[in-house]
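A.B. asks: What follows is each chain in one-letter form.
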Amino acid sequence: MKTTYREALRAGLRDALLRDERVFLMGEDVGAYGGCFAVSLGLFEEFGPERVRDTPLSESAFVGAGIGAAIGGMRPIVELMTVNFSLLALDQIVNNAATLLHMSGGQCHVPVVIRTTTGAGRQLAAQHSHSFEGWYAHIPGLRVLAPATLEDARGMLWTALQSPDPVMIFEHGALLGMDGELADDAGAVEIDHAAIRRSGTDVTLITYGGTLHKTLAAAEALAAEGVSAEVIDLRTLRPLDDATIMESVGRTHRAVIVDEGWRSGSVSAEISARIMEQAFYELDAPVGRVCTAEIPIPYAKQLEEAALPQVPAIMAAVHDVLGRMSTSVDGVPVLAETH
Amino acid sequence: MKTTYREALRAGLRDALLRDERVFLMGEDVGAYGGCFAVSLGLFEEFGPERVRDTPLSESAFVGAGIGAAIGGMRPIVELMTVNFSLLALDQIVNNAATLLHMSGGQCHVPVVIRTTTGAGRQLAAQHSHSFEGWYAHIPGLRVLAPATLEDARGMLWTALQSPDPVMIFEHGALLGMDGELADDAGAVEIDHAAIRRSGTDVTLITYGGTLHKTLAAAEALAAEGVSAEVIDLRTLRPLDDATIMESVGRTHRAVIVDEGWRSGSVSAEISARIMEQAFYELDAPVGRVCTAEIPIPYAKQLEEAALPQVPAIMAAVHDVLGRMSTSVDGVPVLAETH
Amino acid sequence: MSPVEPMMTTEHARHLQHQMLRIRRFEERCVELYSAAKIRGFLHLYVGEEAVAVGVMEALAAQDAVVATYREHGHALARGVSAGSVMAEMFGKVEGCSRGRGGSMHLFDVATRFYGGNAIVAGGLPIAVGLALAAKMQGQPIVTACFFGEGAMAEGEFHESMNLSALWRLPVLWCCENNFYAMGTALARSESETNLAVKAASYEMPAWTVDGMDVVAVEAAATNAVDAIRNGGGPHFLELRTYRFRAHSMYDPERYRDKAEVERWKERDPITMLEARGLVDASTIAELEAAVSAEIDAAVAFAEAGSLERIEDLTRFVVSEVGAP
Amino acid sequence: MSPVEPMMTTEHARHLQHQMLRIRRFEERCVELYSAAKIRGFLHLYVGEEAVAVGVMEALAAQDAVVATYREHGHALARGVSAGSVMAEMFGKVEGCSRGRGGSMHLFDVATRFYGGNAIVAGGLPIAVGLALAAKMQGQPIVTACFFGEGAMAEGEFHESMNLSALWRLPVLWCCENNFYAMGTALARSESETNLAVKAASYEMPAWTVDGMDVVAVEAAATNAVDAIRNGGGPHFLELRTYRFRAHSMYDPERYRDKAEVERWKERDPITMLEARGLVDASTIAELEAAVSAEIDAAVAFAEAGSLERIEDLTRFVVSEVGAP
Ligand SMILES: Cc1ncc(C[n+]2csc(CCOP(=O)(O)OP(=O)(O)O)c2C)c(N)n1
Ligand SMILES: Cc1ncc(C[n+]2csc(CCOP(=O)(O)OP(=O)(O)O)c2C)c(N)n1
Ligand SMILES: [Mg+2]
Ligand SMILES: [Mg+2]
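Chains as they are written, first to last, in the numbering used here: chain C, 1 to 339; chain H, 1001 to 1339; chain G, 2001 to 2325; chain Z, 3001 to 3325.
Hints were generated in silico from the structure; no laboratory data involved. Treat the hints loosely; a few may be bogus.
If you only want the chain H side, here are some residues facing chain Z, beta carbon under 8 Å, derived [as the list claims (entries may be wrong)]:
1) 1036
2) 1058
3) 1085
4) 1123
5) 1125
6) 1295
7) 1298
8) 1299
9) 1300
10) 1301
Okay, the calculated beta carbon distance ranges per label pair [to be verified]:
11) G:2141 - Z:3195: 29 to 35 Å
12) Z:3188 - G:2293: 54 to 60 Å
13) C:18 - Z:3037: 54 to 60 Å
14) G:2253 - Z:3141: 38 to 44 Å
Far from chain Z, by Cβ distances over 10 Å, these chain G residues were calculated [stated by the list, open to error]:
15) 2228
16) 2260
17) 2268
18) 2293
19) 2302
Since the structure is predicted, the reported quantities are computational estimates derived from the model, not experimental observations. Here a beta-carbon is modelled for each residue, glycine too, at the ideal position from N, C-alpha and C.
With the hints as extra help, turn the sequences into a complete structure.
C.D. replies: Structure below.
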């Protein structure tokens, strides 16, 4: 059936509420308002105010309440309206959700799912355009998911709810209206592996979430130039699926990472470092990165666009990694261009 | 004169309070208690409760108040007792301190200094052992400092207070008792460059803060083995001083990064990625990393020690990068060992 | 409290009416411009709440400071930020009050001590504490006025800020714009104690409930409070009961409230309520409307004529370009 | 409130005395063991505050849940976590109640529904909200008791948690241990309203001030509150006025308070106060002391004999080893 990312998310929520009576959805305006981005539209009417529970503006308390309710036997899905506001709940996420199991020596399981909207691209300016999924991917004890497709938008929640441990799901705001075909009975998806969304032989493009589609567009344009780019959708940012990455880089010998986070200390840095560690001798060129400019995201359209990863920048980065080492003399690389 | 890291920090605070009447120190128990780690001991008596200002337990409000007071013409030094509690103030730091200048189109300067104790190593367990300086180094608009020496403990604050923009200073808890010689008139230090704390020719060890001294000890032990290790103390984690790193790696052709943060997404990842980007063709082996195990830090001594970077692990990592490529055939490296 | 209403001269009534009309008409134009895609991002309208910003700003002096929310066009205009620079900001132009980097939610103007424009609910409150602390430590008779919605009162930062300001007796005027909804969440669904002045009073600070639809009442209450604060009385809290006539933002189908409720509140439109006092006659109002219309036309023209920041300047203003102020 | 004191039998008084003595002597031993470097990290003593934990725990049933702070030896022991497993925890042994991974600040015991041991001030309060929410949604007559210091009341999480619990009428017993200091910060230097029950009542929940040095009063107040909560009365708040006789932690030179003040409070030692009621005679007390001493010796021996987690197991318990519970 034809559906959208938003509808797929909603279907996933509805599946969960129907399937398990321990599941409930809690967050700001998930209920009477219909969800700030209309994701949970209709669920309040269908499941009532107990199971689709509006909260006051108190991110720390209701995320903590989700953690406590999970310990108490429920299966809460906590919605943080956007990742920008998640900072207010960070102590609960880092010091409780991610930590209780270990601090208690394995006794205290926290099966909570925390969903939030991430990313920029809608001229919402500096306080409403963060991409903090990379930060969360730094935290042991969390599993971090980033659905970029309709299947994943619908199916990751199901799998996440089966976890005895906390899972965070980052839904990209710019994808909400994306449409396509999805099987009527689409269900749980596995969340242990990255997916190769496009096969290629010349370069591996590694990305996730909101930049997947820009990366696929770049791959398409590169194909027209005769460059065969493989595109990996990470899907899970913690733990990272190193094997899929290294296997691909082992074939293409070149890689570019595309990440909407600010460059320094982003997911892209970790992936580059892992390729360094695990596939250095496979590389024909240094791994490239296309990230967001290191500035608070500006409101003005031309500035925001320039700040975010875009197709031309991805293509340029690919040209860059291909341009290098175009000739090699006795194993000493000759640089076609550097940056 | 003989002094300790703690006393050097205190001298820096005292200098600042004497020098500029706009300066005040604010935080939990900085006053009557004498500072939770006795850093500010005596300052309350000397400067009074207005300028050495105890706050209630309300990290978000008093950090925000520091931001507001900075905008209002003061030069606040806000102490967050430890980095662990800084999560409660993160929204103020990220969405206000780091962002106001940009959001206001350059109008609203925020000359606030935020100091906090970071790091593990004292059996304080999972909620009191974080190393989040790498997280903060991800945020555009912040300058992030990590004093590892007596000079820097005393002098960085001075320089930080001259900045029109927010500066965070991460003081490592395990260094507080470290003693040594410091000039009586030690003053401001520059904060734009990394420092080479030991020169060497075979490998570059890159570190900062609490792991500097372990890294120097490892370098010493390596010297006994005939390995000449250069040790870089980053000092400033944002912005990173790429030039010093690349210049050194250009000479040694091998690097290991030592970082007390959890490995995935740490400062070490960013440095590895930058070396990949800027010095790939200089490398004779992949850059190594020695980081903290990706677990909430356990209380038990043997577990905590095993979780943190230690001298033997640093040495092993150096052996690793040296062991690789011990022979090279036509530029194709021969692996002595891999991991 | 029954605050003493200041003697309401015709001249002053005219001024208040003018200010409210400026905000109302400005935002009506914004809606059109949003539809025309000249303005983008989130746009939160203040229509219906004008008496609050106008009444409070009247009570402030030039040296005072203001901290507002993401629904702050009214505050900015009433504070004296020019309509042109606000409009240019929403157009994303360099001539905007935040150089086009902030947009509707982040209007700044240091010249009028207007410190934003904060889009994190309750995120501005600690900053107001700090501005007030600075004033107090410097011994300056400055009041900081901080606006926030009733929804913000559930946030931890509200609590921490109330306590700090009261504990340290700081010169802050806390202005709670109680429009009874936080997005779609009605007050009674977000606060266990719905009497907000009672809630604020629990921090040991004077707190008053004011009819936020009556600009005269707002001005009177704010003036009394500001006087008390300036004279060392510590923080004061005003609950200003008001209502937003429009949706929360441009994307809100308003499922959570009755049309009838909205209509009832519209009967208390602050603009018609002031009119009903009979201090400003019809011809004066026509004059004001004309002046406002001209001002807004000029603002739009100014915004249209503005320039776009060059991409080369993308990374400016992340750190300061000058030394420490 | 003048809570009806339960009929105090000799048997029950003996039990209360026993519980308080267990905590007191256990912690006195901890101090020695800290000096001997058997225990490390932060160690926060409850000496002087025993009546609070003992009195409240008496009011709880087995199915009830408990959330505590970093000063929680007393809560753990009174709740029924064995002295051996608590001691082994502080020795960092696998036999500890948190396998040696938590230490003094993170005692856990899911079997007795003891959910820690939280070292972020106010960090446990939202969790208590959630435990209570789960109980309510599952229709179970479970009460969650949550302990915190008066210092925690300045934190945003306190405010948010009070409001949520009251708004949703959740079965939580909020137990504020007001020992008048947060580290070195006296109550009046941290709260604008120092009457904490008044503060709590502003969330529209029943709130009582109780003499936290009198275990009988604590038990009575807690029993009344727990009954009310279990019968659907929503959250209740107890301010338990108490005092810590020792330093905040092992590194506190106590510059911030008078020796004389400490001495005055020691005259109201909860253990001697109960003794003074004359319900437990001297020979019984001698018996109890002997039993406690034996229990603690055994706990220390158990801890000493315990094993250290193997380094190979370092990374266990970051994620669950079993499927979803
Ligand atoms: C911390 C935070 N959480 C959530 C939001 C999303 N949000 C924006 S406005 C709003 C409602 C605020 O209501 P209120 O404080 O009453 O102000 P009003 O919009 O009614 O003027 C919400 C939930 C936000 N901006 N910040
Ligand atoms: C969020 C946070 N800030 C600061 C600290 C450091 N700290 C530990 S205990 C304490 C005092 C708490 O006082 P109170 O809540 O009254 O409890 P008490 O220690 O008196 O039992 C402080 C400041 C912390 N653990 N967590
Ligand atoms: Mg509102
Ligand atoms: Mg206390």
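A.B. asks: None of the hints should be skipped; say for each whether it holds.
C.D. replies: We went through each hint and held it up to the structure:
1. 1036: holds (7 Å)
2. 1058: Status holds, d = 5 Å.
3. 1085: holds (7 Å)
4. 1123: holds (4 Å)
5. 1125: holds (5 Å)
6. 1295: holds (5 Å)
7. 1298: At about 4 Å, which falls below the 8 Å cut-off, the nearest Cβ of chain Z leaves the hint on residue 1298 of chain H intact, so it holds.
8. 1299: holds (3 Å)
9. 1300: Cβ of residue 1300 of chain H sits 3 Å from chain Z, so the hint holds.
10. 1301: With a closest approach of 6 Å, the residue 1301 of chain H hint holds.
11. G:2141 - Z:3195: 29 to 35 Å: holds (32 Å)
12. Z:3188 - G:2293: 54 to 60 Å: Check passed, 57 Å falls within 54 to 60 Å.
13. C:18 - Z:3037: 54 to 60 Å: holds (57 Å)
14. G:2253 - Z:3141: 38 to 44 Å: Given a distance of about 41 Å, which is inside 38 to 44 Å, the answer is holds.
15. 2228: Consistent with the label, residue 2228 of chain G stays out of reach of chain Z, its closest Cβ about 16 Å off (over 10 Å).
16. 2260: The claim stands: residue 2260 of chain G keeps its Cβ more than 10 Å from every Cβ of chain Z (closest is about 26 Å).
17. 2268: Non-interface label on residue 2268 of chain G holds, nearest chain Z Cβ at 28 Å vs cutoff 10 Å.
18. 2293: Label holds. Min Cβ-Cβ 45 Å, cutoff 10 Å.
19. 2302: holds (42 Å)
Against the hints set out earlier in the document, no violation occurs for any number.
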